[in-house]
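Undergrad: Sequence:
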Amino acid sequence: MFPSLSILDIDSPTRRQPSTGIRQLSSDQVKMIRAFIQKRVMNPDDADDILQCTFLEALRSEHKFQNASKPQTWLCGIALNLIRNHFRKMYRQPYQESWEDHAHTEIEAQGDIGHQVDGHRQLVRVVKAIGTLPSNMQRVIEVSLEMDGNYQETATSLGVPIGTVRSRLSRAREQLKRQMDPFA
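So the sequence shown is residues 1 to 184, counted in full-length UniProt numbering.
Keep in mind that a hint or two might mislead.
To be verified - Calculated lysine-lysine pairs in the DSS-like style (CA-CA distance at most 30 Å, straight line):
1) K64 to K39
2) K64 to K89
3) K128 to K64
4) K177 to K128
5) K128 to K70
6) K39 to K128
7) K39 to K70
8) K31 to K64
9) K39 to K89
10) K89 to K31
These are computed hints drawn from the structure, not numbers from a lab.
Given the structure is predicted, the values throughout are model-derived calculations rather than measurements.
Using the sequences and the hints, build the whole thing.
TA: What follows is the structure in structure tokens.
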């Protein structure tokens, strides 16, 4: 959470202009910016971090503010860029769970052999579905798994741009979803 507005009153040695509207925000304007961020970022801790970074970036770039818009509009633009960066960084590495961890947890929690058989059947269906994908998509999936889901390492290993890896994996996921659940 942004501790107080007093930090906005600190004189910056690099400041070229007299105090601008950015340093004179009311608590209602700060609340509006916080709400703008919280609407887009559900995790309250992340939203507070982004709010703080927004103000820090605004102070660093204060000399670029030309009063062509309201200060809170300019701050929302900064916040939006920080939100985009946050999600890019967050989704760069997809969440992956170890098969062994998942299998042990399910065996302990379920103890139901029928559930295990269903899981095995589902795995067989997925492997067959992957086999129907174009070879370039199959290869990206294979290398991505070898690289623990790291897109950059996958791209380097395959000698293709990272965007190609993202695109092929995205299309592969969509095709697999359609094959696994045709009613979705």
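Undergrad: Could you run down the list of hints and mark each one as holding or not?
TA: Comparing the hints with the structure gives:
1. K64 to K39: holds (27 Å)
2. K64 to K89: holds (26 Å)
3. K128 to K64: Measuring from Cα to Cα gives roughly 56 Å; hence the hint is violated.
4. K177 to K128: holds (13 Å)
5. K128 to K70: violated (56 Å)
6. K39 to K128: violated (41 Å)
7. K39 to K70: Cα-Cα ~20 Å, so holds.
8. K31 to K64: This hinted pair holds, its Cα atoms lying about 23 Å apart.
9. K39 to K89: holds (19 Å)
10. K89 to K31: holds (26 Å)
Checked against the numbered hints above, the structure breaks hints 3, 5 and 6 and satisfies the rest.
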